[in-house]
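Visitor: Based on the sequences and whatever the hints tell you, model everything.
Chains as they are written, first to last, in our numbering: chain A, 1 to 175; chain B, 1 to 303.
Misleading hints may appear alongside valid ones.
Said to hold, decoys possible - Some but not every residue of chain A turned toward chain B, in silico, with C-beta under 7 Å:
1) 1
2) 14
3) 16
4) 19
5) 22
6) 37
7) 38
8) 71
9) 72
10) 77
11) 123
12) 129
13) 131
14) 133
Stated by the list, open to error - For lysine to aspartate or glutamate, the following EDC-like pairs were computed, each having C-alpha atoms within a straight-line distance of at most 20 Å:
15) B/223 <-> B/241
16) B/223 <-> A/130
17) B/223 <-> B/206
18) B/210 <-> B/248
19) B/217 <-> B/192
20) B/210 <-> A/130
Stated by the list, open to error - Reference listing, derived: stretches of chain B covered by chain A, where coverage requires no fewer than 3 residues with Cβ under 8 Å from a Cβ of chain A:
21) 131-142
22) 197-209
It is worth saying that the hints were derived from the structure and are not from the lab. Where is the CB? At the ideal position from N, CA and C, for every residue including glycine.
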Amino acid sequence: MIQRIAVVAVALLLFLIEPNFAFLSPLTFDQTLYYFVPRFLVVFLIFLATYQSKKRAMYIGLFFGILYDIFYVDVIGLYAFLYPGAIFLASTIMGYIKPNMMVTATIALVIVTLLETAIYGFYSFISITDMPWQLFVQERLLPTLAMNFLFIILTAIIFVYLINAKLVRNEMNTV
Amino acid sequence: MPQFFANKKLIVLLVGIIFLVAIISYTLSNRTNPSFAEGAVKDTVGFGQGIMAKPANFISGILDDIDALLSTYEENKRLKAQLDDFALVRVQLDEVKMENERLAALIDKEESLLQYDPVYATVIARNPDQWEEKIIVNKGARQGIEKNMAVMTADGLIGKVVVVTPSTAEIELLFSNNPNYRISAKAKGDKDVFGLIEGFDAERSEMLMKRIDSSFKVEPGQKVVSSGLGGIFPQGLLIGEITEIGTDDYGLTQMAYVKPAANFALLDQVVIAKRKMTQINGSDGDGSMNDLTHPEEAEGEAQ
Chain A
1 MIQRIAVVAV ALLLFLIEPN FAFLSPLTFD QTLYYFVPRF LVVFLIFLAT YQSKKRAMYI
61 GLFFGILYDI FYVDVIGLYA FLYPGAIFLA STIMGYIKPN MMVTATIALV IVTLLETAIY
121 GFYSFISITD MPWQLFVQER LLPTLAMNFL FIILTAIIFV YLINAKLVRN EMNTV
Chain B
1 MPQFFANKKL IVLLVGIIFL VAIISYTLSN RTNPSFAEGA VKDTVGFGQG IMAKPANFIS
61 GILDDIDALL STYEENKRLK AQLDDFALVR VQLDEVKMEN ERLAALIDKE ESLLQYDPVY
121 ATVIARNPDQ WEEKIIVNKG ARQGIEKNMA VMTADGLIGK VVVVTPSTAE IELLFSNNPN
181 YRISAKAKGD KDVFGLIEGF DAERSEMLMK RIDSSFKVEP GQKVVSSGLG GIFPQGLLIG
241 EITEIGTDDY GLTQMAYVKP AANFALLDQV VIAKRKMTQI NGSDGDGSMN DLTHPEEAEG
301 EAQ
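Guide: As structure tokens, this is what we get:
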């Protein structure tokens, strides 16, 4: 029970922390703006789906997706669809391979890439942005991946410990 | 076919997708007026966000301070050079102000487009996906914020209010590429030249000032300020500086690239300008295509 509350609390914390990282972005190097988009919540939920329950991760994803839509985007349904979709995709891939921390981290990065691309596609479609694909990859996708990669490295062990302490011990033994 | 309907999961998925597309298209077409439930959620999340934003604001404040400290020496040199001028200009300004007051009293003119009430607000969140350049501040309808008000920092104009809930407001920054986002502006020179700020060039990181009458001459280096003729913004808020002149899409009017004066990174404190003169909905306002074809509202822009 305590663990369940802890999981939801961490999800809430990450949801509230994300925009604080967005404050520091975009950063300017050599006259170019680089955008770092925090996707911490999705990364956490992918870990949750892998190490605990896919269904719960998707419900939490749906809930925070709707909050995200209402508070930031004003297009209800965008993140509410993409968050659970991303988690579903991740855990489907996980079904075919035996998950460990490295694999989960890699899959999480792949999913973040797909998520960013899907959102780029959506915003291009409703013509909020006219950023060319090349610039998108250079100025948004790569910095975003770098940031989230750093985040995963720093927190993966904490996540897995929080979600399922026993597994960590197992994994540590195998390494 | 019966097999298809037997697959319950698939049906649920399809219905879900149709439902989502319906909601998306509904909210896309009706974006600016939040419903009561949306407003409540926004205020609740905004409250949590406001608490979480405190440490972030603190850190960005420190970063600002460090930045200021590093450039102190050069700034000091520059400012010293300006100081002599300053005293002179100050005296002149006082003189002109007094004269202006006297003349305004003479013709019973109480309010001018220049005047506004500042409302100070703290930024509590910035859309993490950073596609739409929006920030959310902790002042809302209760503090008298209304849609379309001008928002600035000490350096210059940064955007305008697009959504208001009772205790938060959403600000769309000048970065926006939204075609309905226009600001009536003028380039300061010997003679003021009017145009509209619309659109943003992502590759140059500069704004586009369009619809400048081609019979007027504009030059790089001229300052661009808000004209106040769009109906909602006060007059004279600094927007930026012209860097290059070009021709508009159809070759009928001129277009200028404007380098924004304000710094958009590390925004934490903003000022919302509530203009004192009566507000009307013109090109700074709803900015719908209809408004601009109304001659009585677009008059100021066309000149």
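Visitor: Would you mind marking each hint as holding or not holding in the structure?
Guide: Structure-based check of each hint:
Because the closest C-beta pair between residue 1 of chain A and chain B is about 23 Å apart, greater than 7 Å, the hint is violated. Checking residue 14 of chain A against chain B: minimum C-beta separation of about 11 Å lies over 7 Å; hint violated. A distance limit of 7 Å between C-beta atoms decides the matter here; for residue 16 of chain A the minimum to chain B is near 4 Å, and the interface restraint holds. At a threshold of 7 Å, the smallest CB-CB gap from residue 19 of chain A to chain B is about 4 Å, leaving the interface hint in force.
About 4 Å separates the beta-carbon of residue 22 of chain A from the nearest beta-carbon of chain B, less than 7 Å, and the hint is met. Given the 7 Å rule on beta carbons, the hint for residue 37 of chain A holds: about 6 Å separates it from the nearest Cβ of chain B. The closest approach between the C-beta of residue 38 of chain A and any C-beta of chain B is roughly 5 Å, which is under the 7 Å cut-off, so the hint is satisfied. Here the hint on residue 71 of chain A is kept, as its CB sits about 5 Å from the closest CB of chain B, short of 7 Å.
The closest approach between the C-beta of residue 72 of chain A and any C-beta of chain B is roughly 4 Å, which is under the 7 Å cut-off, so the hint is satisfied. Checking residue 77 of chain A against chain B: minimum C-beta separation of about 4 Å stays under 7 Å; hint holds. A cut of 7 Å between beta carbons decides the hint on residue 123 of chain A: the least distance to chain B is about 5 Å, and the hint holds. Below 7 Å, beta-carbon pairs count as interface contacts, and residue 129 of chain A has one with chain B at about 6 Å; its hint therefore holds.
Look at residue 131 of chain A: its Cβ gets to within about 6 Å of chain B, closer than 7 Å, so that hint holds up. Evaluation of the residue 133 of chain A hint against chain B yields a violated restraint, the C-beta minimum of about 13 Å exceeding 7 Å. A C-alpha spacing of about 4 Å is found between residue 223 of chain B and residue 241 of chain B, which places the hinted pair at or below 20 Å, so the restraint holds. Simply put, residue 223 of chain B and residue 130 of chain A have alpha-carbon atoms about 27 Å apart, too far for the 20 Å limit, and the pair is violated.
For the hint linking residue 223 of chain B to residue 206 of chain B, the alpha-carbon distance of about 14 Å falls within 20 Å, and the restraint holds. Note on residue 210 of chain B and residue 248 of chain B: the hinted pairing holds, with a Cα-Cα distance of about 7 Å set against a maximum of 20 Å. At roughly 10 Å between alpha-carbon atoms, residue 217 of chain B and residue 192 of chain B fall within 20 Å of each other, so this suggested pair holds. Taking the CA atoms of residue 210 of chain B and residue 130 of chain A, the gap is near 18 Å; set against the 20 Å cutoff, the hint holds.
For the segment 131-142 of chain B, the proposed coverage by chain A is satisfied: 4 residues have a C-beta within less than 8 Å of a C-beta in that chain, meeting the threshold of three. Using a Cβ-Cβ cut-off of 8 Å, 3 residues of the segment 197-209 of chain B lie near chain A, which meets the minimum of three, so the contact claim holds.
In the structure shown, a violation is registered for the earlier hints numbered 1, 2, 14 and 16, in ascending order.
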